[in-house]
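Undergrad: Using the sequences and the accompanying hints, generate a full structural model.
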Amino acid sequence: MDVNAAVAAVAAIAGVLTGVIAMLAVRFSEREQRRPTRSSLHTDPVLPPGVDTVLSVLRSSAVVLDEADAVVKASSAAYALGLVRGGKLAVEPMLKMARDTRRDGEIRQVELDLPRRGTGRGEALAVSARVAPLGSRLVLLLVEDLTEARRIEAVRRDFVANVSHELKTPVGALSLLSEAVMDASDDPEAVERFAGRMQIEATRLTNLVQELIDLSRVQNDDPLEDAEPIRVDELVAEAIDRCRHAAGTKEITMAAAGADDLRIWGNRGQLAAALGNLVENAVNYSPARTRVGIAARSVAQPGGDLIEIAVTDQGIGISERDKERVFERFYRVDPARSRATGGTGLGLAIVKHVAASHGGEVTVWSAEGQGSTFTLRLPEARAARDRAHEMSHRDDHTEGLDGEAGRASHPTPHGSAPSPHTSDSSAYATLPSPEVLP
Numbered sequence: 001m002d003v004n005a006a007v008a009a010v011a012a013i014a015g016v017l018t019g020v021i022a023m024l025a026v027r028f029s030e031r032e033q034r035r036p037t038r039s040s041l042h043t044d045p046v047l048p049p050g051v052d053t054v055l056s057v058l059r060s061s062a063v064v065l066d067e068a069d070a071v072v073k074a075s076s077a078a079y080a081l082g083l084v085r086g087g088k089l090a091v092e093p094m095l096k097m098a099r100d101t102r103r104d105g106e107i108r109q110v111e112l113d114l115p116r117r118g119t120g121r122g123e124a125l126a127v128s129a130r131v132a133p134l135g136s137r138l139v140l141l142l143v144e145d146l147t148e149a150r151r152i153e154a155v156r157r158d159f160v161a162n163v164s165h166e167l168k169t170p171v172g173a174l175s176l177l178s179e180a181v182m183d184a185s186d187d188p189e190a191v192e193r194f195a196g197r198m199q200i201e202a203t204r205l206t207n208l209v210q211e212l213i214d215l216s217r218v219q220n221d222d223p224l225e226d227a228e229p230i231r232v233d234e235l236v237a238e239a240i241d242r243c244r245h246a247a248g249t250k251e252i253t254m255a256a257a258g259a260d261d262l263r264i265w266g267n268r269g270q271l272a273a274a275l276g277n278l279v280e281n282a283v284n285y286s287p288a289r290t291r292v293g294i295a296a297r298s299v300a301q302p303g304g305d306l307i308e309i310a311v312t313d314q315g316i317g318i319s320e321r322d323k324e325r326v327f328e329r330f331y332r333v334d335p336a337r338s339r340a341t342g343g344t345g346l347g348l349a350i351v352k353h354v355a356a357s358h359g360g361e362v363t364v365w366s367a368e369g370q371g372s373t374f375t376l377r378l379p380e381a382r383a384a385r386d387r388a389h390e391m392s393h394r395d396d397h398t399e400g401l402d403g404e405a406g407r408a409s410h411p412t413p414h415g416s417a418p419s420p421h422t423s424d425s426s427a428y429a430t431l432p433s434p435e436v437l438p
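Numbering (my numbering), first residue to last: 1 to 438.
Simulated from the structure, these hints should not be mistaken for laboratory data.
No experiment lies behind these values; they were computed from the predicted model shown.
Be aware that a few hints might be false.
[Stated by the list, open to error] Think about it this way: if two alpha-carbon atoms lie no more than 25 Å apart in a straight line, the pair counts; the simulated SDA-like pairs of lysine to any residue are:
| id | residue 1 | residue 2 |
| --- | --- | --- |
| 1 | K250 | S178 |
| 2 | K168 | S136 |
| 3 | K88 | P49 |
| 4 | K96 | A68 |
| 5 | K168 | P133 |
| 6 | K250 | Q199 |
TA: Have a look at this one:
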């Protein structure tokens, strides 16, 4: 009996010891899990509460460094800019700023020009870096990309300088001519000659101001607010009417083809101005007794069909160096010729903005001495085609939308009924579609 009692007592003691040991093991394991390890020093839990959330919504690139200059936290923008590589801050001036801030606790800010990764053009990346202490061990680095802001500022400065120069030229000419008129008040022939020159300069000044207004409007307005289905042949007819006198003076033949039954969706005024600028440039830069062709076609694309309107001339052509800049404001391939034709250097810039605001683009093919082809690509208005079909059954006399049935019984040379936006097609020759160069 005593032996059994002793065995039972030993078993009880052993059970108690086993439970105590198991409890101690669990407590030790939990303590070890809560203890920060070397690797956990570089993860999110070391950040003060709420900092991770704040950094995730900042537009600036954010990098958090620990006391060993290792990256604890970095935003995706910081990696994209090339600030962080291999878990380290890769920009030495920023790293020095972080060390100085960690030492004295002062906030520092500096603007730097960094080499752009992945380009061989030597372009610099303009950034603004700000370093501040974050707690007792961490340092926060915020980097703002200023490259686009600097580019826009440079464009604005160039624009102001160019506008000032362009306005000063006709204004100065008007001032000198007015003085000449006053000095020649007793010479009727001289007065008449100077007055004619004043009219030319006044017209140039008026055109410049109007194109500045047009450029500002296409940049600020949303063309799709007042959008409507527009027949391409109507736009072509408007452009030809706009340049008919200048083309007739130089005996230039304007030919249109391929624009029948094509529609685009957009602002009529802006699209007419854009196509008119292309045709006007073609006429101005073409020699006498040549041809300017306007060809339109529908091009199937995976994301939706496009309408291509190509304006081809047989003019002086554009060099490879100038082709990259012809759409810049006030840029002229031949400044002397532009002054002779009254050009302002804003026409192609307006075309570019109109195309972009309508979801399209404008491209140029050209070779010196072989002419140029400017191609305006815009989305096709499928909805406009359906709407035209429905309205043709409701009202056969609706402007611009009733031509589907009327053309079958009363065809015109251009396949469309006359409207306020079209002109008599017999006024200009209908030639085969000009070749759209690559």
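Undergrad: Against this structure, judge whether each hint is valid.
TA: Quick rundown of the hints versus the structure:
Distance check on the hinted pair: K250 and S178 sit about 31 Å apart at the alpha-carbon level, beyond 25 Å; violated. A hinted pair counts as satisfied when its Cα atoms are at most 25 Å apart, and K168 with S136 does not qualify at roughly 61 Å. Distance hint between K88 and P49 is fulfilled; the C-alpha atoms sit about 23 Å from each other, no more than 25 Å. Using a Cα cut-off of 25 Å, the hinted pair K96 and A68 holds, with the two alpha carbons roughly 13 Å apart.
Under the criterion of a C-alpha separation no larger than 25 Å, the hint pairing K168 with P133 is inconsistent with the structure, at around 53 Å. A C-alpha spacing of about 22 Å is found between K250 and Q199, which places the hinted pair at or below 25 Å, so the restraint holds.
Violation of the numbered hints given earlier is confined to hints 1, 2, 5; the remaining hints are satisfied by the structure.
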